[in-house]
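Heads up: the protein sequence lines correspond to chains A and B, in order.
If you're matching positions, the first sequence starts at 1 in this note's numbering and goes up one per residue.
If you're matching positions, the second sequence starts at 1 in this note's numbering and goes up one per residue.
A hint or two may mislead.
[As the list claims (entries may be wrong)] Straight-line Cα separation of at most 30 Å, DSBU-like style, residue types lysine-lysine; simulated pairs:
| no. | chain 1 | residue 1 | chain 2 | residue 2 |
| --- | --- | --- | --- | --- |
| 1 | B | Lys136 | A | Lys129 |
| 2 | A | Lys26 | B | Lys220 |
| 3 | A | Lys253 | A | Lys53 |
| 4 | A | Lys129 | A | Lys81 |
| 5 | A | Lys81 | B | Lys136 |
| 6 | A | Lys129 | B | Lys31 |
| 7 | A | Lys53 | A | Lys201 |
| 8 | B | Lys220 | A | Lys23 |
| 9 | A | Lys176 | B | Lys136 |
| 10 | A | Lys129 | B | Lys37 |
| 11 | B | Lys32 | A | Lys129 |
| 12 | B | Lys220 | A | Lys53 |
| 13 | B | Lys31 | A | Lys81 |
Derived from the structure by calculation, the hints contain no laboratory data.
Bear in mind that the values here come from a model prediction, so they are computed numbers and not experimental data.
Below are the chains, spelled out letter by letter.
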Amino acid sequence: MISTQNENIKSSIQSPQPLIRMKGVKKSFGSNHVLRGMNVELYPRENVVILGKSGSGKSVLIKCLVGLVEIDEGIVEVLGKSIPDMQQEELDAIRTEVGFLFQGSALYDSMTVRENLQFPLRRHAERMKGQDENTLIIEALKNVGLEYAIDLMPAELSGGMKRRIALARTLILQPKIILYDEPTSGLDPITANEIIQLILKIQREFDTAALIITHDMDCARVISNRMIILQDGINYAEGTYEELSHIQDPKVKAFFKEVQSR
Amino acid sequence: MIALPKGLQSYLNETGNIAAFAIRFFRQAFKKPFEFKELLRQCYLIGYKSLFLVIATGFIMGLVLTLQVRPTMIEFGAVSYMPQMVGIAIVREIGPVVTALICAGKIGSGIGAELGSMKVTEQIDAMEVSGTNPFKYLVVTRIWACTLMLPLLIIAADAIGLFGSFLIETTKGNVSLTLYFNQVFDALSFGDLLPATFKSFFFGFAIGLVGCYKGYTSGKGTEGVGRAANTAVVVASLLLFVLDFLAVLVADIIYEI
Ligand SMILES: Nc1ncnc2c1ncn2[C@@H]1O[C@H](COP(=O)(O)OP(=O)(O)O)[C@@H](O)[C@H]1O
Ligand SMILES: [Mg+2]
Numbered sequence: 001m002i003s004t005q006n007e008n009i010k011s012s013i014q015s016p017q018p019l020i021r022m023k024g025v026k027k028s029f030g031s032n033h034v035l036r037g038m039n040v041e042l043y044p045r046e047n048v049v050i051l052g053k054s055g056s057g058k059s060v061l062i063k064c065l066v067g068l069v070e071i072d073e074g075i076v077e078v079l080g081k082s083i084p085d086m087q088q089e090e091l092d093a094i095r096t097e098v099g100f101l102f103q104g105s106a107l108y109d110s111m112t113v114r115e116n117l118q119f120p121l122r123r124h125a126e127r128m129k130g131q132d133e134n135t136l137i138i139e140a141l142k143n144v145g146l147e148y149a150i151d152l153m154p155a156e157l158s159g160g161m162k163r164r165i166a167l168a169r170t171l172i173l174q175p176k177i178i179l180y181d182e183p184t185s186g187l188d189p190i191t192a193n194e195i196i197q198l199i200l201k202i203q204r205e206f207d208t209a210a211l212i213i214t215h216d217m218d219c220a221r222v223i224s225n226r227m228i229i230l231q232d233g234i235n236y237a238e239g240t241y242e243e244l245s246h247i248q249d250p251k252v253k254a255f256f257k258e259v260q261s262r
Numbered sequence: 001m002i003a004l005p006k007g008l009q010s011y012l013n014e015t016g017n018i019a020a021f022a023i024r025f026f027r028q029a030f031k032k033p034f035e036f037k038e039l040l041r042q043c044y045l046i047g048y049k050s051l052f053l054v055i056a057t058g059f060i061m062g063l064v065l066t067l068q069v070r071p072t073m074i075e076f077g078a079v080s081y082m083p084q085m086v087g088i089a090i091v092r093e094i095g096p097v098v099t100a101l102i103c104a105g106k107i108g109s110g111i112g113a114e115l116g117s118m119k120v121t122e123q124i125d126a127m128e129v130s131g132t133n134p135f136k137y138l139v140v141t142r143i144w145a146c147t148l149m150l151p152l153l154i155i156a157a158d159a160i161g162l163f164g165s166f167l168i169e170t171t172k173g174n175v176s177l178t179l180y181f182n183q184v185f186d187a188l189s190f191g192d193l194l195p196a197t198f199k200s201f202f203f204g205f206a207i208g209l210v211g212c213y214k215g216y217t218s219g220k221g222t223e224g225v226g227r228a229a230n231t232a233v234v235v236a237s238l239l240l241f242v243l244d245f246l247a248v249l250v251a252d253i254i255y256e257i
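Pulled out of the complex, with its shape left as it was, chain A reads as follows:
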């Protein structure tokens, strides 16, 4: 145990290990070739934004990372372990390290906010050993500023509040990596900005790394350290916001035009 840990530390000093590594990932649904050789790497403390048109396979891409979608070909590694080769138990273990914020918040309709936050804890109590469940729940709600909503039902919450509660539920197992599937979709600009600020705050406080999917350029600009454009099933272009905004390729420019025209 100890020796392997030392090796891990050594290798991470020499060249930082990516938390997430996708290489040549292919995925088709029947004749619909969604991913055709996608490469993504995510390093510690990084916020990487993935941009893509709707239906381009962004959700499929991040679902591959937690084993919700099985890939056809390629490498998917999270924290150095290969996802497609995993048994159920290993998969459950790695999923506690990776938080997932779903597109429409995906709160459980039939449960209160408290029960929603309890849900991840029921199978992973041992991970949170020694910590009181109630304290964890209240702590998570404090992080998103919604302690008072603890006994409400999801139907009683506004869209922005739902997104925050979903974020609290994602944070409750204290993941190292967070995957955001269009965190600002369906929200008005002011609420969207609040969510963006919250995401930045979480990254500062917990030192997490994040993959953020969006087609909102404002969100991408504020949040990203690096951006990847997903187009035609591959990582079509990569770079910082600045770098990408100067690329003359028409398909890349299309993403930026949208912002100027608004």
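Starting from the known structure of chain A, fit chain B with the ligands onto it as the hints suggest.
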């Protein structure tokens, strides 16, 4: 290969998929961890929410059956056999089938819509990534709950149906409650009760299975949810008649022996 007509092909496909879903249920139904709390909650919801409907239909069923049959029985001079006749009809056939059909409409569509919307809004995916097996938590508990609760609902419907029949009898023919039910239970043998109870478990299983299958595999969008709820009722009702026919067939064979 011989090309089958498209309709038949999709029908066979669907049958195969439901069978595969049932196998998946049996694989997981007896494996730990058991979701007891959720099972109890589902039993309560499924039983309690349909109870009023089942009692109301059962009562009316008893009234109508007695009113319809009584004149004929008088004609044959057999009106004193009314309790026996109604008892056998309700307990053996009408109670289970009518109740199951009502429940297919109420419970089957409810499960189809609920699981369908959970699927569409990614709640099922969210369960999966938070370490809970959603098939166990959602599907296994619901199918068990339907299987266990439907016999109880059917017994409730039978009892209230017989009571409704008694009300007609007592106003028209002056029969006492004890005499009426004594006659009913005299007429009913173990051979009537056993197959009836037995098939009601299968009815419950079928309703739960089809509702869960339709919801859990529902297509995208709100349209998918609507279709899941709708087809759950249609397919479950159809399956109920097939099961009923099989049950009667099997019971008949056993009687012969
Ligand atoms: N489970 C599935 N079965 C079949 N097709 C799917 C499935 N999930 C996604 N797709 C298809 O994959 C493509 C990409 O979907 P998605 O990743 O959701 O797009 P987006 O980039 O908008 O998130 C779409 O054409 C969609 O129809
Ligand atoms: Mg998407």
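> Keeping to a limit of 30 Å between CA atoms, is the pair of Lys129(A) and Lys37(B) held or broken?
Replying inline: At roughly 23 Å apart (the allowed maximum being 30 Å), Lys37(B) and Lys129(A) satisfy the hint.
> Taking only the CA atoms, is the gap from Lys81(A) to Lys136(B) under or equal to 30 Å?
Replying inline: Answer holds: Lys81(A) to Lys136(B) is near 27 Å, not above 30 Å.
> Holds or violated: Lys220(B) with Lys23(A), Cα cutoff 30 Å?
Replying inline: Status holds; Cα separation ~29 Å.
>> Please verify whether Lys32(B) and Lys129(A) have alpha carbons no more than 30 Å apart.
In response: OK: Lys32(B) and Lys129(A) at ~22 Å, within 30 Å.
>> Holds or violated: Lys253(A) and Lys53(A), Cα atoms, limit 30 Å.
In response: At roughly 13 Å apart (the allowed maximum being 30 Å), Lys53(A) and Lys253(A) satisfy the hint.
>> Holds or violated: Lys220(B) and Lys53(A), Cα atoms, limit 30 Å.
In response: 19 Å, holds
> Taken at face value, is the distance from the CA of Lys129(A) to the CA of Lys136(B) at most 30 Å?
Replying inline: Since the Cα atoms of Lys136(B) and Lys129(A) sit roughly 25 Å apart, the hinted pair holds (cutoff 30 Å).
> Given the proposed pairing of Lys129(A) with Lys31(B), does the C-alpha separation stay at or below 30 Å?
Replying inline: Status holds; Cα separation ~26 Å.
> Does Lys26(A) pair with Lys220(B) here, judged by a C-alpha cut-off of 30 Å?
Replying inline: Holds, at roughly 22 Å.
> For the pair supplied as a hint, Lys53(A) and Lys201(A), is the alpha-carbon distance within the 30 Å limit?
Replying inline: Answer holds: Lys53(A) to Lys201(A) is near 27 Å, not above 30 Å.
>> Does Lys81(A) sit within 30 Å of Lys129(A), going by the straight-line distance between their CA atoms?
In response: 24 Å, holds
>> Need the status of pair Lys176(A), Lys136(B): alpha-carbon distance at most 30 Å?
In response: 28 Å, holds
In summary, the structure agrees with every hint in the numbered list given earlier.
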